Amino acid sequence: GSSIESLCIGFTMRFHGFDDKLLDLVHHVVPIFLSFRGMENSLPDGIPKSRFDACCEILCRKYKNQGLKSSKFCRNLRLQSLRSEYWSAYSKLQEIEKLDVPMFAKTASHLLSSFGAEVLYHGNVTDVEAKSAKNMIEKILKDSGETVGLSKKKYPPQTMLKMPMVKEPMPLVVPSKEHHDPNTAVEVYIQVGKDNLQDRVLIDLLINMMEEPFFDQLRTKDQFGYEVDCDVRWSYGIMGCVFRVVSNVKSAENIVTRIDKFLTEFRVTLVEMDSTVYMEHLVALARQKLE
1 GSSIESLCIG
11 FTMRFHGFDD
21 KLLDLVHHVV
31 PIFLSFRGME
41 NSLPDGIPKS
51 RFDACCEILC
61 RKYKNQGLKS
71 SKFCRNLRLQ
81 SLRSEYWSAY
91 SKLQEIEKLD
101 VPMFAKTASH
111 LLSSFGAEVL
121 YHGNVTDVEA
131 KSAKNMIEKI
141 LKDSGETVGL
151 SKKKYPPQTM
161 LKMPMVKEPM
171 PLVVPSKEHH
181 DPNTAVEVYI
191 QVGKDNLQDR
201 VLIDLLINMM
211 EEPFFDQLRT
221 KDQFGYEVDC
231 DVRWSYGIMG
241 CVFRVVSNVK
251 SAENIVTRID
261 KFLTEFRVTL
271 VEMDSTVYME
281 HLVALARQKL
291 E
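Residues 1 to 291 (the UniProt record's numbering) make up the sequence shown, in order.
The hints are simulated quantities; they were obtained by calculation from the structure and are not laboratory data. In this text the structure is predicted, and so the values were computed from the model without any measurement. Any given hint could turn out to be false.
What the hints assert, rightly or not - Capping the alpha-carbon separation at 25 Å, the derived lysine-lysine pairs in BS3-like fashion look like this:
1. 177 x 92
2. 62 x 152
3. 98 x 49
4. 167 x 177
5. 106 x 49
6. 152 x 134
7. 106 x 62
8. 152 x 142
9. 69 x 250
10. 250 x 221
11. 64 x 98
12. 72 x 62
13. 162 x 72
14. 72 x 250
Said to hold, decoys possible - With beta-carbon atoms standing in for the labels, derived distance ranges:
15. 25 x 55: 19 to 25 Å
16. 199 x 115: 30 to 36 Å
17. 177 x 270: 36 to 42 Å
18. 8 x 199: 22 to 28 Å
19. 283 x 42: 55 to 61 Å
20. 269 x 126: 44 to 50 Å
21. 168 x 271: 47 to 53 Å
22. 54 x 271: 55 to 61 Å
23. 136 x 52: 38 to 44 Å
24. 125 x 182: 49 to 55 Å
25. 251 x 2: 41 to 47 Å
26. 79 x 150: 22 to 28 Å
27. 58 x 120: 24 to 30 Å
28. 150 x 171: 39 to 45 Å
Cβ coordinates follow ideal geometry from the N, Cα and C atoms, glycine included.
Model the full structure from these sequences, guided by the hints.
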């Protein structure tokens with residue numbers, strides 16, 4: 001199979017499966033993607049305007065429906081509040097509604113005029129096969145037109161707002177987009193700092209220790225919500241962790257209070273944890289990383 005996704009820093013294409021003709025798929029898809037280079041006012045051959053219109057319609061529907069689910073709406077608000085510049089689904093919808101073929105072609109051509117390409121070929125392949133794949137992709141890039149490389153140092157910077165050190169949390173309360181939605185979604189985000197290997201391992205280990213008791217206490221025992229979890233967050237090079245609860249029986253205030261109580265009580269659990277239990281978590285995390 002294959003997929004293509006647009007990110008805030010570029011595009012990512014994935015090709016996966018057990019077929020020995022996987023590189024044939026790469027050889028077919030990548031040139032189509034690069035065919036938008038040099039197209040100033042029209043679409044490449046083989047891509048009709050009806051396809052352009054259909055894609056615009058699909059995106060419009062996607063932007064209109066984005067945020068209807070409370071958990072995703074809450075996640076997007078967290079990311080939006082942490083960025084100095086963020087394009088919401090509503091702002092994207094406004095732009096795409098006035099988009100035409102010449103404007104799209106000109107913008108796409110400009111985006112692809114200078115870029116950097118990073119390729120990972122992972123799986124049961126030999127050195128010879130990997131070098132063959134590398135040569136094939138390099139040839140595709142050269143055949144697509146004059147290529148101006150873009151070094152990592154020139155990649156567009158991605159900034160995150162640094163959260164101030166405060167004793168009390170900074171609440172962000174927003175009503176749901178769907179007024180009849182009975183669910184309340186809460187995310188408690190804790191920002192740690194810039195990415196580094198040692199702190200990342202420590203955060204992974206801490207979440208590994210917390211995730212089971214967090215779910216057991218808030219979901220199984222207290223019935224605070226039907227979606228309860230905690231996880232590590234890596235957002236644009238900044239590490240953190242998040243505690244999530246989606247509930248149709250508890251208020252946001254009650255959920256935040258319960259999460260705070262869990263974190264306070266878990267400090268005691270960490271202090272009193274014996275070496276055997278600690279090593280069990282450490283080994284479990286190591287095995288997870290090696291999978």
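So, going through the hints one by one against the coordinates:
1. 177 x 92: holds, 17 Å
2. 62 x 152: violated, 32 Å
3. 98 x 49: holds, 15 Å
4. 167 x 177: violated, 31 Å
5. 106 x 49: It holds: about 15 Å lies between the C-alpha atoms, which stays within 25 Å.
6. 152 x 134: holds, 19 Å
7. 106 x 62: holds, 24 Å
8. 152 x 142: Answer holds: residue 152 to residue 142 is near 20 Å, not above 25 Å.
9. 69 x 250: Between residue 69 and residue 250 the Cα gap is close to 17 Å, so the pair holds against 25 Å.
10. 250 x 221: Holds, at roughly 14 Å.
11. 64 x 98: holds, 15 Å
12. 72 x 62: holds, 13 Å
13. 162 x 72: Holds, at roughly 23 Å.
14. 72 x 250: Holds - the C-alpha atoms of residue 250 and residue 72 are around 18 Å apart, at most 25 Å.
15. 25 x 55: 19 to 25 Å: With a Cβ separation near 20 Å, residue 25 and residue 55 satisfy 19 to 25 Å, so the hint holds.
16. 199 x 115: 30 to 36 Å: With Cβ atoms ~31 Å apart, the hint holds.
17. 177 x 270: 36 to 42 Å: holds, 39 Å
18. 8 x 199: 22 to 28 Å: holds, 24 Å
19. 283 x 42: 55 to 61 Å: holds, 59 Å
20. 269 x 126: 44 to 50 Å: Since residue 269 and residue 126 have Cβ atoms about 49 Å apart, the given range 44 to 50 Å holds.
21. 168 x 271: 47 to 53 Å: Roughly 24 Å apart at Cβ, these two residues miss the hinted range, so it is violated.
22. 54 x 271: 55 to 61 Å: holds, 59 Å
23. 136 x 52: 38 to 44 Å: Check failed, 29 Å falls outside 38 to 44 Å.
24. 125 x 182: 49 to 55 Å: With Cβ atoms ~51 Å apart, the hint holds.
25. 251 x 2: 41 to 47 Å: holds, 44 Å
26. 79 x 150: 22 to 28 Å: Since residue 79 and residue 150 have Cβ atoms about 25 Å apart, the given range 22 to 28 Å holds.
27. 58 x 120: 24 to 30 Å: holds, 29 Å
28. 150 x 171: 39 to 45 Å: 40 Å Cβ-Cβ, so the 39 to 45 Å window holds.
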